[in-house]
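Protein chains: 2
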Amino acid sequence: MAILVQKFGGTSVADAEKIRRAAGRVIEAVKKGYQVVVVASARGHQTDELIADALELNPNPSKREMDQLLSTGEQQTVSLFAMALHAMGYDAISFTGGQIRMLTDGVYTKARIMSIDASRIHKQLDSGKIVTVAGFQGIDENENITTLGRGGSDTTAVAIAAALKAEECEIYTDVDGVYTTDPRIFKKAAKMKQISYDEMLELASLGAGVMHSRSIEFGKKYNVKIHVRSSSEQTEGTIITHEVPQMEGVVVSGATIQKDMAKITLIGVDNKPGNAAKIFAHLARAKVVVNDIIQTEVSGAKANLSFTIGISDLPTAKEAVEEIKKEVGCEKVLARDDIAEISAVGVGMRNHYGVAEKLFGSLANAKINIDAITTSEIRISCIVDKKDAERGLEAVCTAFELDKPAEKRGKTK
Amino acid sequence: MAILVQKFGGTSVADAEKIRRAAGRVIEAVKKGYQVVVVASARGHQTDELIADALELNPNPSKREMDQLLSTGEQQTVSLFAMALHAMGYDAISFTGGQIRMLTDGVYTKARIMSIDASRIHKQLDSGKIVTVAGFQGIDENENITTLGRGGSDTTAVAIAAALKAEECEIYTDVDGVYTTDPRIFKKAAKMKQISYDEMLELASLGAGVMHSRSIEFGKKYNVKIHVRSSSEQTEGTIITHEVPQMEGVVVSGATIQKDMAKITLIGVDNKPGNAAKIFAHLARAKVVVNDIIQTEVSGAKANLSFTIGISDLPTAKEAVEEIKKEVGCEKVLARDDIAEISAVGVGMRNHYGVAEKLFGSLANAKINIDAITTSEIRISCIVDKKDAERGLEAVCTAFELDKPAEKRGKTK
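Heads up: the protein sequence lines correspond to chains A and B, in order.
Under our numbering, the first residue of the first sequence is numbered 773, with each subsequent residue one higher.
Under our numbering, the first residue of the second sequence is numbered 773, with each subsequent residue one higher.
For reference, chain A alone in the conformation it holds in the complex (with noise of 0.2 Å):
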């Protein structure tokens, strides 16, 4: 029999009737004659109150006990699942992280997931039960429980999913599907039918916010097929998957904008072996994340170089750089807190020219000035200021045409 793994996030499981809504889901499922394993988030704003609780006992609480409290949340909302499905006739069973012996490194609060006892779930499938299992937690080799950190029910549900090698892994949540691009800005995003891994984890890191990149990373490692779809509409949302051949004829297949971002530029650096190395280093030390690391050589001898970090880090990253001037020498450093990046991405960019020209033209057309630019293989950054933007995510939306379904572009032009 196929198996399928659905998972619902705290808003679909926020309350009772909620939680009725995601049962049915699963009883059309099985109703379809698939096995299903349910994977479930804490409900609604429980994991923030918890955290509240906590804070309020100790402002700098120990991970470990985090964890073994945070935990709670969605072993709470599984039991009352299968509770649910009891009601409507359905057999069911709630395990924890633990129960399943999902086994995780010891690194509390973003622990990373090592094995899973597969055959604990295909035993109780094979029962005829359904199983639903609390997301986002496992144990490691001492028992003690671990949290594996942002998007971890995510991630639980596509490891599942590989481990019980289910057809399919659907991530119910709020949006129906993955747009390519955001249309709260984008009033006319179109939604895709489908992305491969590699480009949802680059909108993923961009900040489209529908799934964390590390579940997509699990799911592209593992070769689980994961469909994102509406927890509140029956409609058919995306799926995440292999690149196939249909989608090198997408040149670029979403666009995103960032905007909590900041750039630090530093001017006339001593372009010789090492330094950039010594930068990176305070910058590491200071715990301060990079994103983007642009640099140009402005004379044998002198460098510029930009890197681009989360605003909430300018102020420790200014510090460093201070640092750094003593260490390296240069000539101005300057911060920029009005910038923001948008990106447009596809693996269709690999094999087509033009795509940069295309993408520059459209800023330029709606006289948009580009600070800096930064590509990867299925990727093209600019930095914009923050007050062109949206403006510039429409130009270039409208320019790789993003309103409309991936298979109707270019045939209008």
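Since the list gives no way to pick out one identical chain from another, each pair is judged satisfied if it fits inside one copy or across any two copies.
Derived DSSO-like pairs (lysine-lysine); straight-line CA-CA distance at most 30 Å:
no. : residue 1 : residue 2
1   : K835      : K901
2   : K835      : K895
3   : K835      : K803
4   : K1176     : K1158
5   : K1104     : K1059
6   : K1158     : K1059
7   : K1031     : K1104
The set of hints was computed from the structure by calculation and includes no laboratory data.
Add chain B to chain A, keeping to what the hints say.
Same frame as chain A, now just chain B:
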């Protein structure tokens, strides 16, 4: 190093301030040189809220899933308790029932403890940590979570004290000890310095309500000194222990009243072998818990048989009695729900004459009619009209000087 187990009930850990106060008690014990194990219940009304959540989804929830759900309440408390201790500068670590391998049988919602892995707790205590353990819960041999039923956290505490050979098991509660009788009825009730397990068992089963009888049975079996004391006041409470010589001088230690009961009397039952067994088999099948049984022979061939039950079981018991009438035959059935039972309890009773006389005399002087009488080795109980119950208890308490500490009785008369 001597080990102390401290148990805090739900009201003693209801909010951050109360958890901090409880943590203060723990730290006092640590400063006295004890290794301390904390056992805690779910905070305030958490368990009630979770039960309401469950019933909203399923009016008849699976017992396994209820245990999975409710065990989270205690898990939250002990992780928060550990965080509070950290904030106060003490090292601590929390454990679920499963993490200390509190193995139980597989009877969900009222499991019985089979074993505890004391080495896991010793290891942490010996490394200088305070250990906080979730009360009320364990796991069965298949790692399903079980709960111990009413008074379960007391049982957890006493069982851990037994397994660790603790010097004492302190039960912190909202009363400051065990009283000779209910102070809400007999205002002059005196606090007992000590009481034997057997007396406490009679008082607990008669509804004194301070501790559940299972934990006292556990204490008796494994010789755990139990100290019932106030979580808000710095006073000595009541020690529950084996009989000590001076206890024999005390004839009656305490008196109780039980109101939520009913009595059924079968008049003119054929007095032949096997009839009593048939009667109580019917009641057992109907899941009626029978308290006292009183049989009197009215002639060579006929007997009257009474039994008392909880008042909520009366409708079910009446139905069962109809079946009994058909099978066993009896002349008449009487049912009363307007009764109460007054009991005097004391280990000294068995070596003293005149206790019954004094008890009956005190009720007679108060012009209270005795409907029925039943006794055990350390208890005499009288069934009276419910309207007379409180007045009767006062008469009994006055007769046995239960307004004075045990050592002062019989000295002023």
